[in-house]
Every structure is written in structure tokens, then in C-alpha cells.
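J.: Using the hints, position chain B against chain A.
2 protein chains.
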Amino acid sequence: MEKIFEQTLLYDFYGELLTPHQQSIYEDAVYNDMSLGEIAQERGISRQGVHDLIKRCDKILQDYESKLHLVERFQKAKQKVGEIEALTKLSSDEAFDNDAVLRRMEQIRSLSGELKMEL
Amino acid sequence: MEKIFEQTLLYDFYGELLTPHQQSIYEDAVYNDMSLGEIAQERGISRQGVHDLIKRCDKILQDYESKLHLVERFQKAKQKVGEIEALTKLSSDEAFDNDAVLRRMEQIRSLSGELKMEL
Chain A
5 MEKIFEQTLL
15 YDFYGELLTP
25 HQQSIYEDAV
35 YNDMSLGEIA
45 QERGISRQGV
55 HDLIKRCDKI
65 LQDYESKLHL
75 VERFQKAKQK
85 VGEIEALTKL
95 SSDEAFDNDA
105 VLRRMEQIRS
115 LSGELKMEL
Chain B
5 MEKIFEQTLL
15 YDFYGELLTP
25 HQQSIYEDAV
35 YNDMSLGEIA
45 QERGISRQGV
55 HDLIKRCDKI
65 LQDYESKLHL
75 VERFQKAKQK
85 VGEIEALTKL
95 SSDEAFDNDA
105 VLRRMEQIRS
115 LSGELKMEL
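These protein sequence lines are chains A and B, in that order. Using the working numbering, you'd call the opening residue of the first sequence number 5 and step up by one each time. Using the working numbering, you'd call the opening residue of the second sequence number 5 and step up by one each time.
It is possible that part of the hints are untrue.
No copy labels: a pair is met if it fits in one copy or bridges any two.
What the hints assert, rightly or not - Distance condition first, Cα-Cα at most 35 Å in a straight line; then the derived DSBU-like pairs of lysine-lysine:
1. K7 to K59
2. K82 to K7
3. K93 to K7
The hints are simulated quantities; they were obtained by calculation from the structure and are not laboratory data.
So here's chain A without its partners, still in its complex pose (with noise of 0.2 Å):
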């Protein structure tokens, strides 16, 4: 996974869990993408500590993620509803063949069946 998209998704989840002085950095290097030395500079802290303090943050999501799995749950989760999005989207020649939309909908059915028992 791509490391500021990682990041995103972990901070989505977990990021309440961080103090509020580090969710405010954590932003502005993650969702704002600002440099660590424009945030030094924003906060008069140097920018060691900045790298250092987003370093910390990385690892307290990520250690939550390790024990809780929350991102992985979802992400199944959401990789199964694309599926079952993909299944409704009919060309006009398969949605006159009535048979080939009740197959579709058998497999809906059987991956909702599948996605509720994991949720």
C-alpha cells in the first residue's frame, strides 16, 4: 500500500485515539501535505521533532491496526460491495436475457450472505 494512502486509511480509523497535539501535526503532514520543515516552522518546534513525533504516530496506528485489524475488516468488506456493485451493472443486451440477471442476482445474494456474516 501506498505510504500516504496507508497512512490516510490508519489515521481514518484510529487517529482519535492520538493527543490532539499530534493529530494536529499528523494532519497537516498526512491531509495537508506540508512539509516537515514548513511545519517546524508553523509551530517553532525544529524538524527533527516534527519527523520524530509523525515517526511516533505511524507506529501507535499502526500498532493498533496490528492488534485490532479494523482496516483489514473493511477493506474486505469494501472489496466485496464493489463486487456486488459490478454484478448490477448490466449491458442493455443482458438485461432483456432474464436468465442472465437472475444468475447475477444469485450471486449477489450469496455475496451479501458471505459480507453480513462478516461484518
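T.: Chain B in isolation, oriented as in the chain A frame:
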């Protein structure tokens, strides 16, 4: 929500954040349906001690949920998946009515699109 159901859900999501000792006693109470007296005897601690530990675990788990709302997010997603599943259950009359099937397919498309955004 019924207490034991709520405890089970919260523990399923956040239980890994308790200590092994807390987990073990909480599981006896919530999953194995043991009484405070039984747990106290088994562990050689007081009934009051068991009571306090379980109350403390309840509070820890609820505090995580009040910050992260992940049980709530999952429950909402699960409900929507249930709606999708229900839409796939066609009577034999409906199954032969291609327009009716396509209308349901359209509703599923819309629900799965919403769900994908929420997950």
C-alpha cells in the same frame, strides 16, 4: 442494545486492547456465561474484585467505541448489506417479471454504491 450483546460486540472489536488477564476474566463472564461467584472461586479472588474488573473492562471498551465509533459503522454497514440481501430474495412470480427484477437490481446498485462510500 441488550447488555450481553453490546459487551460481546465491543469485545469483538476492541478486546485485544485489554490485558491478557482482563481478557481471560471478561471472556469467562461474557462468552462463557459464568457468574461472578464462579469466576471468583476459579481465580481465587474476591467476588467484588471480579465485579470491579468487569466494570472496568466495560468502561475501557465503551471509551474506545465512544472515540472510534467502529462498532456503529460496522453495524450500519451490516444493516445495509441485509437490505441488499433481502432485495435478492425473489418470489417465483417476481423472478419471471424482468422489469421487477431490474428495478431491484437498480436498488441494489444504489445501495451498494452508498455502502462503498461509507466503508
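J.: State for each hint whether it applies.
T.: Status of each hint after checking the structure:
1. Taking the shortest alpha-carbon separations for K7 and K59, only the intra-copy value of 12 Å comes in at or below 35 Å, while the best inter-copy value is 39 Å.
2. Taking the shortest alpha-carbon separations for K82 and K7, both the intra-copy value of 20 Å and the inter-copy value of 29 Å come in at or below 35 Å.
3. When the C-alpha separation of K93 and K7 is checked against a cutoff of 35 Å, the pair qualifies only within one copy, where the shortest distance is 32 Å, while the shortest distance between copies is 42 Å.
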